[in-house]
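J.: The listed protein sequences derive, respectively, from chains A and B.
Final position of the first sequence in this note's numbering is 193; the numbers increase by one with none missing.
Final position of the second sequence in this note's numbering is 112; the numbers increase by one with none missing.
Derived by calculation from the structure, the hints in this document are not laboratory data.
Check the hints yourself; a few may be wrong.
In silico lysine-lysine, DSBU-like type, Cα no more than 35 Å apart, as pairs [unchecked claim]:
#1 K112(A) / K181(A)
#2 K181(A) / K22(B)
#3 K22(B) / K39(A)
#4 K112(A) / K22(B)
#5 K181(A) / K25(B)
#6 K25(B) / K39(A)
#7 K25(B) / K112(A)
#8 K181(A) / K39(A)
Here are a few chain A residues that face chain B, going by a calculated C-beta distance under 8 Å [as the list claims (entries may be wrong)]:
#9 I2
#10 W17
#11 E149
#12 A179
#13 T187
#14 W188
Simulated restraints, written as ranges between beta carbons of each label pair [stated by the list, open to error]:
#15 E51(A) / R9(B): 20 to 26 Å
#16 A44(A) / R9(B): 45 to 51 Å
#17 G22(A) / G35(B): 40 to 46 Å
No residue lacks a Cβ here, since even glycine has one placed at the ideal position from N, Cα and C.
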Amino acid sequence: MIAHAEDDTPRLVYADWLDENGDPDRAAFIRTQVALWDKNPSDADYRDCVESLEEACSFLPHSRSLAPSLPAGFRFDEILHSTLDSGSGGYRRGFPHLVELDYNYEPEFSEKLHAGCPALLDTTLRGICVYTVLPHEGVQSVLASEFGESLTSFLSYNQESAPGTSHGTVQTLLSSACASKLTWLETWQDSVR
Amino acid sequence: MSTTTHLRRVTRFAGHLHCETKQLKQLMASEWFAGLHQIQATSLNANAAVFAKALSSLPNLHTFEAKGFNPQTIPTDLMRPYQKPGSSLHCRVFGFVISRSVSKDALPLRKR
Numbered sequence: 001m002i003a004h005a006e007d008d009t010p011r012l013v014y015a016d017w018l019d020e021n022g023d024p025d026r027a028a029f030i031r032t033q034v035a036l037w038d039k040n041p042s043d044a045d046y047r048d049c050v051e052s053l054e055e056a057c058s059f060l061p062h063s064r065s066l067a068p069s070l071p072a073g074f075r076f077d078e079i080l081h082s083t084l085d086s087g088s089g090g091y092r093r094g095f096p097h098l099v100e101l102d103y104n105y106e107p108e109f110s111e112k113l114h115a116g117c118p119a120l121l122d123t124t125l126r127g128i129c130v131y132t133v134l135p136h137e138g139v140q141s142v143l144a145s146e147f148g149e150s151l152t153s154f155l156s157y158n159q160e161s162a163p164g165t166s167h168g169t170v171q172t173l174l175s176s177a178c179a180s181k182l183t184w185l186e187t188w189q190d191s192v193r
Numbered sequence: 001m002s003t004t005t006h007l008r009r010v011t012r013f014a015g016h017l018h019c020e021t022k023q024l025k026q027l028m029a030s031e032w033f034a035g036l037h038q039i040q041a042t043s044l045n046a047n048a049a050v051f052a053k054a055l056s057s058l059p060n061l062h063t064f065e066a067k068g069f070n071p072q073t074i075p076t077d078l079m080r081p082y083q084k085p086g087s088s089l090h091c092r093v094f095g096f097v098i099s100r101s102v103s104k105d106a107l108p109l110r111k112r
């Protein structure tokens, strides 16, 4: 799954294994997230897929952590339910996918982020989410890593609204090697200039 | 045996587009944006004309959803690309109130 992060087949094989080994609830969660991922809202079965995912999530308690262990400077959102309509949570296609950059104002924060990136390549994480206003260098240090080149998702919140921070990150991202694999881009701002 | 799987997944953009027009133009000028399949846009009012022009030239776009503004004030320019005969684009526009509910309650404005 890690080596072929974009391929659904290993995930579905793993779901079969979970079924045969006493974990049908997680198997259903994987299958329903995979089924929904490439749907679009105009598909006739889109709403059925969303409802199937909601049902699967209801059987998988939040107290049961599926989160990977993360290096310093990163954190994971445990919310299970995620669709095109409601993009919250760190799971995509049944496995941890989005990791948040956790800015803690420490000196050499960017260097610490960059140092943690190799460990992320050993997980199914292939997306980053930037909720808080980060120094431009923090985001760039991740994009410049091998993990950055493997990214398929990038979510940015409030970055362009703070002068001197990561203004232009999206443009940098799209003109870099990261863009070749990118399938999901979100940009949001709270304050409007 | 080693095989390489190249999956061409749906590419999506979701965003708040009441940003500086320059930023929006930079985004839309990228090669990545040109290949988009799905777009969800909110707060589009200020940049509606700029965005509408770009949408009309996206060859792969099959879903466009605009949320968060009054359907009665949608600029004509925004809808013009979807009024072409034979268009297969699925387009939904949500108003302020409707956008707070789940999408199954939204009313499709145009679906061809």
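J.: So, for every hint listed, does it hold in this structure?
T.: Going down the list of hints, with the structure as the test:
1. Distance restraint check for K112(A) and K181(A): the Cα-Cα separation of roughly 25 Å lies within the 35 Å cut-off, and the hinted pair is therefore satisfied.
2. For the given pair, K181(A) sits about 25 Å from K22(B) by alpha-carbon distance, which is consistent with the 35 Å threshold.
3. Distance check on the hinted pair: K22(B) and K39(A) sit about 32 Å apart at the alpha-carbon level, within 35 Å; holds.
4. Between the alpha carbons of K112(A) and K22(B) the distance comes to roughly 33 Å, so the proposed pair stays at or under 35 Å and holds.
5. Distance hint between K181(A) and K25(B) is fulfilled; the C-alpha atoms sit about 22 Å from each other, no more than 35 Å.
6. Only pairs whose Cα atoms come within 35 Å are accepted, and K25(B) paired with K39(A) is accepted, the gap being roughly 28 Å.
7. A hinted pair counts as satisfied when its Cα atoms are at most 35 Å apart, and K25(B) with K112(A) qualifies at roughly 34 Å.
8. In summary, the hint linking K181(A) to K39(A) is supported, as the alpha carbons are separated by about 19 Å, within the 35 Å threshold.
9. This hint is violated: I2(A) has a C-beta 14 Å from the nearest C-beta of chain B, more than the 8 Å allowed.
10. With its C-beta approaching chain B no nearer than about 20 Å, W17(A) sits outside the 8 Å limit, and its interface hint is violated.
11. Violation of the interface hint for E149(A) is found here, the shortest Cβ-Cβ separation to chain B being roughly 15 Å, above the 8 Å cut-off.
12. Taking 8 Å as the C-beta contact cut-off toward chain B, the hint placing A179(A) at the interface holds, the least distance being around 5 Å.
13. Interface hint status for T187(A): upheld, as the beta-carbon distance to the closest one in chain B is roughly 4 Å, under 8 Å.
14. Taking 8 Å as the C-beta cut-off, the interface hint given for W188(A) holds, the closest approach to chain B being about 5 Å.
15. For E51(A) and R9(B), the Cβ-Cβ distance of about 23 Å falls inside the hinted range of 20 to 26 Å, so the restraint holds.
16. Checked against the hint of 45 to 51 Å, the C-beta distance between A44(A) and R9(B) comes to roughly 20 Å, which is inconsistent with it.
17. Hint check: G22(A) to G35(B), Cβ distance near 43 Å, so the stated range 40 to 46 Å holds.
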